[in-house]
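Take the two lone chains and join them into the complex the hints point to.
Residue numbers (my numbering), protein chains in the order written: chain A, 1 to 142; chain B, 1 to 406.
For the record, the hints were derived by calculation from the structure and aren't laboratory data.
It cannot be assumed that every hint is accurate.
Pairs of lysine to any residue, SDA-like flavour, derived with a Cα cap of 25 Å [unchecked claim]: (1) B:K126 x A:F70; (2) B:K126 x A:A90; (3) B:K126 x A:A74; (4) B:K126 x A:A109.
Simulated coverage check for chain A against chain B, where a stretch passes if three residues somewhere in it have a Cβ under 8 Å from a Cβ of chain B [as the list claims (entries may be wrong)]: (5) 42-50; (6) 104-116.
Every residue, glycine too, gets a C-beta built ideally from N, C-alpha and C.
Chain by chain, the residues run as shown.
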Amino acid sequence: MITGWFTGEGDGFRLLGTRCSSCASVFFPREDVHCRNPHCAGGTLEETPLSRTGRVWSYTDARYRPPSPFASDAELPWEPYALIAVELAAERIVVLGQAAPGITVADLAVGMEVEAVEGVLHGGGEAESATTWNWRPTGAAS
Amino acid sequence: MELAADGGGVMTGDVAVLGAGMHPWGKWGRGFVEYGAAAARAALADAGVDWRDVGSVVGADTVRGGYPGYVAGASYARALGWQGARVTSVYAACASGAQAIAAARAQILAGLADVVLVVGADAAPKGFFRPAGGDRPDDPDWLRFWLLGATNPAYFGLYARRRMAVHGDTPEDFALVKVKNAAMGALNPYARYRRRVTAEEVAASAVVADPLRLLDICATSDGGAALVLSSMEFARRHGAARPVRIRAVSTVTPRFPNPVLDLPDIATDPAVAVEPPEETFRASIARAAYEEAGLGPGDLDLAEVYDLSTALELQWYEDLGLCGAGEAAKLLREGTTAPGGRTPVNASGGLASFGEAVPAQAVAQVCELTWQLRGAAGERQIEGARVGITANQGLFGHGSSVVAVR
Ligand SMILES: [Zn+2]
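Same shape as in the complex, but just chain B (with noise of 0.2 Å):
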């Protein structure tokens, strides 16, 4: 095993995945507490753990849910019955699932709790996310759409626009990964859209942001997600004799500069002093995951990526290093990323079939994760799958990835 070079430095050990729950995404038009609360209740069934037992609960936050939502911990902690566990709120973004499995591993490997829960749930507007409101025109996020209505999808399109520049990607190649996300999502309970897709009718949906259309993107989603940890001891004692295991977690931020326009910037740093890093943030974040996890891309049996758009799902392959540069759209027409392939990505559905919910999703790649490694996926299960790799980027340089093993 390799020492991590990135965010870290030490060997870390394995934390056990007791119980794995989820509320169904949709738009149920009810608050975030409750779809968070079910998919805390429903981990802590599938562990056979009593929320009474537990020692501490971590939170993802959701800007969206009033002063409650920046206090998550506390909101599941007092909707599931205050019993004196220790609380921990965070917030990062589309990363914020990560961090809170982040702090939840580093607790259990400090010895500070045998078990922890964490949940991840939103309530997310109709159409586009936008920024809180009032006038600050010292927040970047504030600013894009104050002077140039530049909406998530926008950032997005200008990525597919690059590939097809760079790459010779094309929008049927786009088109190729809604289809194959959209019928692994026909196939989860969990998933808000279950409707296979066809590639006409992704080229028949109305243009959002040239080049991508309307099933190129996906939508914004309630919904949650929870998680049980535990030490391996703990999970020992409890009679899970082989339980999945995280074993690495990746929450690095970019290195000066970053020559790749990211959400929220108006403009990148300047590289003029200093060379851009070799490789892009997107793959740093996945390095950092398998420098600490101790293996490579060629160990993969699946991925969950964010495909906050299909040609965002392409640009993963190549950051995950399942290809070179260039060669995302390739791999995707061999079925190399299909059930059956030799890396299946996103046998969830992915946000494809999800849309996003923000704090509750990359809880929610765990959880798949989880499901496929104890071979309980269902009629979406990858056969014979060991090990699994989830990733994600959230705004202002948040990185998320998360190796699971089992």
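In isolation and in its complexed conformation, chain A is listed as follows (with noise of 0.2 Å):
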């Protein structure tokens, strides 16, 4: 569902947006069909890959299960995972992601470089569309 938002596996992942050839905005998640910068006439948008690394523009987490759309058993109970905006520096965009497994708020700080990761989305679902974005520590072990 969520179809060239990154790509690539390992160290090679990346998350994709698009690049206004006019006036050079990057977008996430992409736009397709028009910029949004009101001072630009309108170029082509041409995907590309974001910057690996970012840093930390603020963090939290869910304590509690959020709401449907969000898929996740309501036989298990409920572990809270953290969530990450991150401050990529090139784009001078923010992107809020979940934090990799196991990362919980006692190991962030605002500031603090991340990586972005491989990682699955939450409640499974169809194969294809069981992989997203995780936002993790840079150098913290998988």
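What follows is the structure, given as structure tokens:
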């Protein structure tokens, strides 16, 4: 359902956005129809990988089970996960994502370097949509 | 008076607030139309205006009431009894109430109607707000839940942690906002929570979205609020010699690139091609209101701001210009925003005491200003209040701020 949002595996994993050929704005989630810069006459939007690493803009966690359409097995006890908003310097954009499994708010600090890694979409689902992105402190064990 | 630089550019006139009315906030388990109609009847009675003499009704929509919620203006007109009024329904998430007031004001100033009834009401679900049903991967509000489980409190947690890192705010600072607002809410007969709260109780409540706890985050409520607005000329003929007047309504959008991760987005605008504006979106909402009203933060006697979380109330102090960036916690601790201080904030008790009834809340903020400026706010009266402002921000880029004077 989120085709074209990321590519590659392992160290080659990258989020994918689109870059305006006219003003160089980079959009994530991808804009494929129009550039959102009101000062731009509009260019073609070309797929571009985003920076793999960025710095924590802020973070929080989900201590309670979110409502649908978030998928989770209601039979299992709720396991909180952290959410990290990450500032990518080259694109000057902040991207929200779940932290990699096992990373808690106690492991995080604003300004810390994190990297985009492959993750598993909560609740799984059909194979093609089961992959997502996670943020993980650079150098943290996977 | 300066000309508005955003969202307008023309000098506007005042409109009179003839009446204000509310249905108490709570979890009543009934339909939103009932709350809205009750608030409307209270506002009409307060105004001394017969419903059959109202020329236009504007409803702030709710997305939780099925079709009648999307045509809220007509739903209220039908409940009060069809009488042939012009009807309008508007939606702008948390800013819906301000949009309804803006539409009513525009009709009055354009001479399309002398008297307009504005109504907002909601019947809220238990727990987290959630998006409408169905698979909608093109809808950021659906995506953030499906992909990330990013609830509203998750965003509030991000903003709170950011303030702690950048400005040195502490969870104890946040708790003091709740203590202040709960003390005022205890005096408000329309508030849902009417009990004082201690800082220890906030600290002992469960963490919902680190660093915020249950008592840092506003609940979701049922409730209804209504206003009867009129032209100044009608007010004079009606015998209201010195009514509360609405002097400005700001409903501006952000300007690209907005570098703050706003609800319900997964990422911000990119700032690589264009430098972000010097002021934040929220600050621009207030500035547009100040410019239209021809006054500034130093003129305010009180403010009603959207304390979706305790930390967000502090953010609003800075965005309203009550203090500089990073100084909000100090302002709070000095008592500047408490009753008796220079600019009391959320004398109504705020969302901390009401819980959010989305389309009613921005209308309720103006009800509170109306009672305060009339000197009719009872035990929570701010002495000598003459100028007040409301402020909030709706999902998907909706500014909302109203300046009222007397
Ligand atoms: Zn462009």
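To see whether the hints hold, each was checked on the structure:
1. B:K126 x A:F70: 17 Å, holds
2. B:K126 x A:A90: Not satisfied, since the Cα-Cα distance of roughly 42 Å exceeds 25 Å.
3. B:K126 x A:A74: 17 Å, holds
4. B:K126 x A:A109: 33 Å, violated
5. 42-50: violated (count 0)
6. 104-116: Since 4 is at least three, the answer is holds.
Consistency note: the structure conflicts with the earlier hints numbered 2, 4, 5.
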